[in-house]
Amino acid sequence: MSLPSAASSPAPALRVEYVDAPLAHVLATPGLLAVFGFGDAAPPQHPDPRYRHIALPALGRPPLECWWVEDAVHCGHDAGIAWSRAGTLSFGALELPDHGDAEATTATAYARLQRWLADSPHPHLLRVWNYLDAITAGDGDAERYRRFCVGRARGIGRPQAPGELPAATAIGHPQPTGRMLVYWLAASTPGTPLENPRQVQAWRYPRQYGPQPPGFARALLPPSPAMPLLISGTAAVVGHASHGESLREQLNEILTNLRSLLTAARALRPTLPATPGPGSRLKVYVRDAEAMPTVDAWLQAHLPDVPRIVLHGHVCRRELQVEIDGCHG
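With UniProt numbering, the residue at position 324 of the sequence shown is 324, and numbering never jumps.
Rather than coming from a laboratory, the hints here were simulated on the basis of the structure.
Everything numeric in this text was worked out from a predicted model, so none of it was measured.
Cβ-Cβ distance ranges computed for the label pairs, FRET-style:
1) D305 x G60: 16 to 24 Å
2) P273 x H74: 27 to 35 Å
3) H240 x R158: 19 to 27 Å
4) P273 x E249: 20 to 28 Å
5) H99 x G140: 20 to 28 Å
6) D101 x A226: 36 to 44 Å
7) R158 x A274: 32 to 40 Å
8) G80 x A21: 25 to 33 Å
9) A111 x T189: 22 to 30 Å
10) R158 x G80: 17 to 25 Å
11) A24 x G138: 35 to 43 Å
12) H99 x D141: 13 to 21 Å
13) P22 x A111: 35 to 43 Å
All C-beta atoms in this analysis are idealised placements derived from N, C-alpha and C, irrespective of residue type, glycine included.
Kindly generate the complete structure, drawing on both the sequences and the hints.
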């Protein structure tokens, strides 16, 4: 895939591309807001604040995920947060040691994120990703994902209205890293959170899923029509219950959920394509590493035109075998 050049036509407010190119070449290209490498083939670190390494094993040698913007990009580090900024958008990321107390680590991360947003010209959170160790370790309310949800609410420090919830993903590292990574996209103008009519809103989950419901929307429609729909981690959940015993049953349910989300988004923005296609980008998290080729083959059969990155990652419910997030438009 070719990289944008200064002589090309004006870029959209945000464009997400999967690029097979050296990291140094991508970082030197104008208009890069952020870039992400996956798995063992990607550099584990780089001094440029726009680069983040996602420590999830990948199927094959995945491309870099690049966020392109049309404005000049400024970047730096501030109080442990790596950031970049351009026009009405900003990217930020922080990593914290995770010594086993998921609630305390998450509370610290989100308190720092809230302070950063408050001091930023882009205070509205559109999309956030969370990667942590052993996401489903522990029983009952001691499960790490449940403690993560409690810590996120503690760190934010106030109840969030449904209209301000971002799209979000939370995935577990399959091998211990001792780190929690949180990164995000924020804007000067809020977006519109969207829900899936087939699913109970996550923030309304019943008590059986933990003392603190998850704080995210199923997708978010950004303020600019030149930006893609931002899709949260989507799994085989109908209502609030996990659905499907087999891997293929769960994949079919996920595809139905994705299509339902696109229908809801098109009611507000009819110019969005009706189905996932070449303008979509998907990241696919698979709990069982041995199932990754099967999942990839299923996606090739059902969504052959959609660029994808397949990763070994643990979904936040033990019975769920796959989760997909991405963007569309």
